[in-house]
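Undergrad: Chain by chain, the residues run as shown.
2 protein chains.
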Amino acid sequence: MPLPNKEPKLIELEQRLSEVNDIESVVSLLNWDQATYMPAGGAAARGRQIATLKQIAHEKLTDPALGQLLEDLRPYEANLSYDSLAASLIRIARRDYQRAIRVPSEFMARLSRHQAAAYEAWSEARPANDFAKVQPYLEKTLDLSQELASFFTNWQHIADPLIEANDDGMNVAIIQPIFHQLRQQLLPLVEAIAAAPAIDNSCLHQFFAEQEQLSFIKGVIFRLGYDFNRGRQDQTLHPFTSKFSIGDVRITTRIYEHHLEQALFSTIHETGHALYEQGIAPELEGTPLATGTASSVHESQSRLWENLVGRSRGFWEWFYPQLQGTFMRQLGQTSIQQFYRAINKVQPSLIRTDADEVTYNLHVMIRFDLELAMLEGSLAVQDLPQAWNERYQKDLGIIPPNDTNGVLQDVHWYVGLIGGMFHGYTLGNLISAQFYEAAIVYDPEIPVEIERGNFQRLQDWLKLNIYQHGRKYTAQELLERVTGNGLSIDPFMNYIRNKYGYLYNLKF
Amino acid sequence: MPLPNKEPKLIELEQRLSEVNDIESVVSLLNWDQATYMPAGGAAARGRQIATLKQIAHEKLTDPALGQLLEDLRPYEANLSYDSLAASLIRIARRDYQRAIRVPSEFMARLSRHQAAAYEAWSEARPANDFAKVQPYLEKTLDLSQELASFFTNWQHIADPLIEANDDGMNVAIIQPIFHQLRQQLLPLVEAIAAAPAIDNSCLHQFFAEQEQLSFIKGVIFRLGYDFNRGRQDQTLHPFTSKFSIGDVRITTRIYEHHLEQALFSTIHETGHALYEQGIAPELEGTPLATGTASSVHESQSRLWENLVGRSRGFWEWFYPQLQGTFMRQLGQTSIQQFYRAINKVQPSLIRTDADEVTYNLHVMIRFDLELAMLEGSLAVQDLPQAWNERYQKDLGIIPPNDTNGVLQDVHWYVGLIGGMFHGYTLGNLISAQFYEAAIVYDPEIPVEIERGNFQRLQDWLKLNIYQHGRKYTAQELLERVTGNGLSIDPFMNYIRNKYGYLYNLKF
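Chains A and B, in that order, give the protein sequences.
Each residue of the first sequence is one higher than the one before, starting from 1 at the first, in the UniProt record's numbering.
Each residue of the second sequence is one higher than the one before, starting from 1 at the first, in the UniProt record's numbering.
Just so you know, not all the hints are guaranteed correct.
Just so you know, same-sequence chains aren't split out, so a pair can sit in one copy or run between any two.
[What the hints assert, rightly or not] Keeping only pairs whose Cα atoms sit at most 30 Å apart, straight-line, the calculated DSS-like set for lysine-lysine is:
1. 60 - 9
2. 499 - 218
3. 345 - 394
4. 463 - 218
5. 9 - 54
6. 6 - 463
7. 345 - 499
Worth flagging that the hints you see were computed from the coordinates, not collected in a lab.
Taking the hints into account, I'd like the entire structure generated from these sequences.
TA: Spelled out as structure tokens, the structure:
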């Protein structure tokens, strides 16, 4: 029962938004099922079903009656505090509405069709090392990305509306100087590490049977706080997190039997995303506020758990004896210090998703710079592979031997847009360090508790400061509230210098 | 690309119907996921998501523009042959439209809410043997069932519109005399069997490990023709079949480790439903024709495979050596004849779903008669348990010791309506025998091939005569086409008398 004095137009707004939210959640389930259990024969109809539901959601989201309702609610909203649930709901719904009505339905349908075709072309081109095959698709993707940007006004850089779609308030003018600083500080560090003696991580590359890995990992994420009553874990080709409601947030895992670190850390990564979604305040359920706020903040949570927690020495003080117990034959003779060094080995490599914490952001910044150049028109798609390889040589000192392990490696440009996605990975790393620093200032017992296998205090802080708010605040608003500062590279660089200075015995 | 001369209004009709079909298929997936993999925490949001999609499907199905389109297409339809895809599409779509617009949206929502509450009450009442708890819910269900019927006109019996919803053209006037004949012939047969020496089926009640059962059953249904590229098998509390497209028809199984026959025959049963759906002509995909035509015909397919094929001696000539190989310790000393007798043991029992072929229809007819009496107003819900027990004593010679194993056993009345469902089970049995007789007349090699483990000839016949047509024809039209006759009990009774006369050494 709504309260008797509840604004009727707010009730109607909630009702309309809840419908949109239901349909979008169902689309997520259709995608999840497609990646987990759907038989091959279901693909054609599934594509059609997803398109139908997306179309209906788009119609409902751009219904002029919704726009009118949001206008009518302005005086009501003016009397509410910015932080209140109702004001936030109206504010975010208006943002979504105004973004949605700028883009014609016809364009959305055209884009979807092209993305499906481009993805299929890429799926064949990547293993075949055949960039020429996807080049025309990518050229069209570039056209469509520019066309999408053209529907928006008041931007400084053509990539801005694409970035804003995933990260409200973020833009090239904010990101570029930060990335510039970060790159300047990372490059000499990578060089210094390359000159130091390499870490031996062969202990990770023995045979670790699938079932034992799965059961160990399940124990880990349960301990971290992942709620299996409100989620589940399945196996897929590529790990991902999906959310159908605050009470149903699922993750997936892929096991490599000769790479212990892969499933372990990618599952902790997805668990970080899932903890965020599971931690949203229940009263936000069914509204557009009931999801993580921005790609950068979402990534900060996955990376915080994967790296700052999961690759810390303290974490393994608790878990390593259990891991040794599970894999006694493989790890019985490996000390915790050897293991800790192994999981933190730094080595310039070709594949972003396999990169260590130090070199990872270099991979991201290469993509970000190249996509800006393409959007600006200063880099033609046909010259992309060469530009990619040159930049890998410059930043990481290695040249991809083929496009499969080069410009064809990430699905993003081929299934989505050129622009708007990659920056979030590096911002996420920066923000993860900013948040974790703030958490430890607030509660210095957090790392001590982690050594004892207790994650509740960290969870409590994250829930209170980040998770519960869902999409109420933008990334920058959240940073301001939590750290008192804007985006900064300092906490991340301090963390990296301390950790890897110690691991590689570097002098700064 | 549509053909250049294709009627534009037909294209628009297909487009609108395809949307409705997509949404309804997605609702099926939401239900499937809920029964298989959804974590408990997802239930509340899932209920809301299903309600939202059902509401949207109902709006689209009752859109006056759709009605207008169907009117506009009348002259076009008049020039088509009745059997053509286009004429069938228009005919069935009109039937669905005209049925849907009679029922107010407000009623549908009210019914759904009540059904959810009634199901929950039943879930608690059944194990607690507490009929009083569900009585008020069932009384309301009866009111709603009568109210639903009242939206329709031109019926002879109040149950007719409820029956027609699942089985177009079927009604009480057709069913009642047939059920009467059937009961008159079954009762003395059950009595004669009861007087004969009982069959020993203890060989089925040893320990049969879950994994071995699953893998044997998987081999069986693959051999029967279930296409795993267009389906999958999962485990659930209650077995069911669901269909998201012709390319994605899934079944579920429940294993009982001390009842070999349970999973085996219930999975073959679901496979029968699935073969029907997988066998629909691909050009029907996305239309309302792309599903089995009526509950009775659907059940004829599940029962044909489960009983006429799966419980035949010939079937086990092929599979029994494999079953023995899987369970050598348990069945190594049991002859095929002993096994064949065990899986066909007749014994009056309390639970419909566990009943043998001979007594099964008596269970169904008890329910059918009682629901008619309730709908007519001659039996009050509060007197239902007593009426139930009296009828069990009369027809089966046993009195349920409690309501858990009596009137509370089937979910149908508690999750659905009173009326419209049960008749299909017995009609399905009758029709299965009619179809199988026609198949063997057409191709006498079918039973011989089955003994060799070849099911293709039977499949071919079913596909050609039944599966491919989807919903094109009503049950009676299909019977007429396939057998040249209407509904009849003779093939079923001949089958039963021959088989059980032999098994129990009876003289007729």
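Undergrad: Indicate, hint by hint, whether the structure satisfies it.
TA: Results of checking the hints against the structure:
{"no.": "1", "hint": "60 - 9", "verdict": "both (16 Å within a copy, 25 Å between copies)"}
{"no.": "2", "hint": "499 - 218", "verdict": "within (27 Å within a copy, 53 Å between copies)"}
{"no.": "3", "hint": "345 - 394", "verdict": "within (21 Å within a copy, 79 Å between copies)"}
{"no.": "4", "hint": "463 - 218", "verdict": "within (22 Å within a copy, 46 Å between copies)"}
{"no.": "5", "hint": "9 - 54", "verdict": "both (25 Å within a copy, 24 Å between copies)"}
{"no.": "6", "hint": "6 - 463", "verdict": "within (28 Å within a copy, 59 Å between copies)"}
{"no.": "7", "hint": "345 - 499", "verdict": "within (11 Å within a copy, 73 Å between copies)"}
Checked against the numbered hints given earlier, the structure satisfies every one of them.
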